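Undergrad: Following the hints, position chain B against chain A.
Protein chains in written order, with my numbering: chain A, 1 to 428; chain B, 1001 to 1428.
The set of hints was computed from the structure by calculation and includes no laboratory data.
These numbers come from a predicted model, not from an experiment.
Hints are supplied without guarantee of correctness; some may be wrong.
What the hints assert, rightly or not - So, partial list: chain A residues that the calculated Cβ filter (under 7 angstroms) puts toward chain B:
1. L242
2. M295
3. Y297
4. S322
Just so you know, even glycine gets a beta-carbon here, dropped at the ideal spot from N, CA and C.
As a plain string of letters, each chain reads:
2 protein chains.
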Amino acid sequence: MKKVGVAILGLGVVGGGTYRILDSHREEYKRNHKVDISVECVLERRKERAIELGISEDKIYNNIAEICSNPEVDIVVEVMGGVEPAKTFVLAALNAGKSVVTSNKEMFCKYSYELEKAARKNHCGLFYEATCVGGVPVIRSLLDNLQGNRITSMMGIINGTTNYILTKMSTEGASYDEVLKEAQRLGYAEANPSADVEGYDAAYKLSILSSLAFHTKIPYTKIYREGISGISVEDINYAKRLGYAVKLLAIGKNGDSGIDVRVHPAFIKQTHPLASVNDSYNAVYITGDSVEDVMLYGRGAGALPTGSAIVGDIIYCATHTSFQYSPFDNTENAAPGTKFVENFESAYYIRLNVMDRAGVLAKVSSIFSRCGISVAQMVQEEVTVPGENIPQIFITHKTKEHSVRKAEQEINALTGVASVGSIIRVVN
Amino acid sequence: MKKVGVAILGLGVVGGGTYRILDSHREEYKRNHKVDISVECVLERRKERAIELGISEDKIYNNIAEICSNPEVDIVVEVMGGVEPAKTFVLAALNAGKSVVTSNKEMFCKYSYELEKAARKNHCGLFYEATCVGGVPVIRSLLDNLQGNRITSMMGIINGTTNYILTKMSTEGASYDEVLKEAQRLGYAEANPSADVEGYDAAYKLSILSSLAFHTKIPYTKIYREGISGISVEDINYAKRLGYAVKLLAIGKNGDSGIDVRVHPAFIKQTHPLASVNDSYNAVYITGDSVEDVMLYGRGAGALPTGSAIVGDIIYCATHTSFQYSPFDNTENAAPGTKFVENFESAYYIRLNVMDRAGVLAKVSSIFSRCGISVAQMVQEEVTVPGENIPQIFITHKTKEHSVRKAEQEINALTGVASVGSIIRVVN
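Isolated chain A, as found in the complex:
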């Protein structure tokens, strides 16, 4: 029987999950695929972690050179995260003729052009299903199944931490700060949560997914990014009342005016399939010119779901002799002439805190009108405590981002308006 040796770089959450899956299913993979996949060695400084997983001491290596020179190792699994030393290790493995499976979205998003070049040169596989949306089969669906399509739109809930926080805020009415603290206590959010809550993680993934979907390099630096730390329970409650859920969406559109890629919180109609993707579940909703709408849904993170994606890649790599690479020109920057939409179009939810005096609505309305913004829906609460500010809620028709920013400035300067409470995009 064909033997395939695996080295795992890093025994964190995902590395541990991957080891456990490979170890406990080895006989099944032999039976189903006529291939014996064994973990030959691991790279991990914390010996006790490796031993706790049942890995014998002689398999715990200290440096990448030993792994690269081990002829029993065919596939290197990189699950360390971060750019360095992960990138150096992956390049070393590829240059030593080992195929690589990675879950590292930051490294892959920033350096896939360099990694793929090395993989091609050395005729190695480079697999990255686990970089995006855990165990949900979105990379391979884009790479294989949906290639017949011109994909026009992609909308995803692709960060588990923020979806957990927004779900809890919605179901428990707790504030962002409270829920974030609870999430950190439970291990769902990092001590420094900014990669998740400020949308960087989602932007890395969107860069990988949209490059595949639109067949052109989309560097993450081209992605408009806005996190969820400004979302208040008040906004979530208005969303519910108006028939929406609030989600951190990763959006990619490819239309006549160019490529429009962004990560930001958004109101989405409660009837949209993405609106009921809750807790740490993730989903990607893809629209193509042939397939129409497809949604892929599941656990976006976690030891075993992400391990499932990694092991799927390992088995694929172990049972195939030719590998495929990006079906687009994978360069460092976007191809010259690629048009990115900056002044994108969206509907908007705008919440103002206005003073309880006559004429404010007229002034706000005339600003909207001057900026070319047409209002679709408006809510103004009754005054309960005389003299207190009153929330005024607008949902606009589709308009341009820049028009809304201009209106925001002008409204901020109005004497009758205490503050612009929040501006959140509305998608359908």
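TA: The following block gives chain B in isolation, referenced to the frame of chain A:
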């Protein structure tokens, strides 16, 4: 640039869709995949249909031998449907060294063991993503992404016609017969609708999907099958009242007691993601020991969605040099010793029409108790017209199919019971 020639057998709905996609995206595929995919010829008796699609007369062939002997043809797309002559044509193509892409679930389900043998022998690809759930990437997800998992359960809404009918019955309160007629008028149901409404189509697909999921041959003859023609609006209304939707589900489970495969209508909790899969949308909900839950959702049928799956397979075939086959022993019958569960376990919805007299509930309850059936929920309507029969609704806890059938017999023999209105399984 590499050239790949395609022949399409049959220009029905799916064949026409496939042609249109290939024709309109040819330049994109050249750019993205460095391969020029052209339709070299078609097999279609209705010349006018081919010409209407823009296919020149010299490309319209009359027999499979001409296609097999055409050296420009690399891939044969079989979209004729039915077992014969499709199977003979596919075998001829494989034996002539052509790879095959098919959407024909009946042929593939019944004869994949024979077709795969020919494909292996001739080193050809045999692709069948389009046999199940239209453009939704379920076959490749099972073949590649989820191979790291022991899949324990699979539940799907995998027939568009029945889901359309049940959705309309639910939203419009119309009867099965009325909605079926409308569906036939709109072309959503065939003149002879039995393949869809009696669950054969879903059983063919479940056979293909569950064999892949459970790594063992599951012939469709082993699948318990029950259609939707017995579903009444009354049952759908009770379902809604009790928090359920009624769907035709294809269910596969692989547990300690064996393999449990069935297609039947079922109550499913409104909060389950499958419950909101409506109209002609389809979805498959898969549970694995690593990935946890994954749902794949989209258009389960139609010219372009199914064409999308076919063209995805064509591009894969055109850009790969080695092909994969079933990761299980693909024989005609189930492997000796495979255990199939006949007396499966489920919760049940039972609707009785009882006469308005004392003691009926006591008698029914004592039958349930004797049969080991425990009731979880019960509804009895107030008598509105004295002397008329009254519906009595039970939702049971999980119990055995055979116990329910035994209870049904005994209840039918009770003098106070006019009829057993319906028995529908309840899944969670």
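Undergrad: For every hint, state whether the structure bears it out.
TA: For each hint, the structure was consulted:
no. : hint : verdict
1   : L242 : 20 angstroms, violated
2   : M295 : 4 angstroms, holds
3   : Y297 : 4 angstroms, holds
4   : S322 : 5 angstroms, holds
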